[in-house]
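Please work from the sequences and hints to get the whole structure.
If you want our numbering, it's the position in the sequence shown, counting the first as 1, plus 2.
The hints are simulated quantities; they were obtained by calculation from the structure and are not laboratory data.
Mixed in with the good hints, there may be bad ones.
To be verified - Cβ pair distances, simulated, as ranges: (1) Thr126 with Thr63: 38 to 44 Å; (2) Leu107 with Leu179: 24 to 30 Å; (3) Ala89 with Leu31: 22 to 28 Å.
Think of the CB as a built atom: it goes at the ideal place given N, C-alpha and C, for glycine as much as any other residue.
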Amino acid sequence: MILTEIDTIWVYLSASPLLSLFLTISFYLGCYQLCRRFRLLRGVHPAVVTIIALICLLQLTGTSYQSYFEGAQFIHFLLGPATVMLAVPMFDNLARVRSMMMPLLSGCIAAVVASAFLTLGIATLLGAPPEIIASMAPKSVTVPIAMGVAESLGGIPALTAAIVLITGIIGCLTGPLVFRVLGVHDHTVKGFTMGASAHGFGTAQSFASISALAGAFSGLAMGCVGLSTAIMLPIFMRILAL
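Here's what the structure looks like:
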């Protein structure tokens, strides 16, 4: 009886397009408090926990992603302005960026080369078909760029989006641990590394868990790696004849 009533209430609420927006914001705020309160979760960005929680909720309630997105698309709209706003902390640290231009460019190229060749090499050795290899290759780039690159290489954009998401989550989970093990304390290095390896997730975590300086360099790395990947990856694929 109680389950029937709950199901009826959910059907009524799900008819409102604002429910998805309300749930997304509520879950994020709740996960933010959890990540701050529990030491085990302090190195994890709340967005990662929120995504996992929302996926579980949609599965349990049988709600399609299309229905969810209809109500939450306002947050999707804000993604563009939020990305543009990354230029503000970069501008605030412009002098430091200029003084480190050569090391940053070298690190960016090294990140692209290492990511591309490791991904292509391992996938090839495991016998993955060309379309899967092309889908996996741009895994460390933010979703819009990664999907475009994958499609131009003959990959599957939807699969690429999922792989990029998983890469970002893994980067956020393992990044803080790697920094502790290696004794990395410089916020510039932390931010640039997170942006180069975990794209938007790493940038968000850098702002939230490290500092604005780390976030600025993370955003810079995300943009540089994305541009470099779009240029260099097709060349690598042609060299390897994939």
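Hint by hint, here is what the structure shows:
{"no.": "1", "hint": "Thr126 with Thr63: 38 to 44 Å", "result": "holds (41 Å)"}
{"no.": "2", "hint": "Leu107 with Leu179: 24 to 30 Å", "result": "holds (27 Å)"}
{"no.": "3", "hint": "Ala89 with Leu31: 22 to 28 Å", "result": "holds (27 Å)"}
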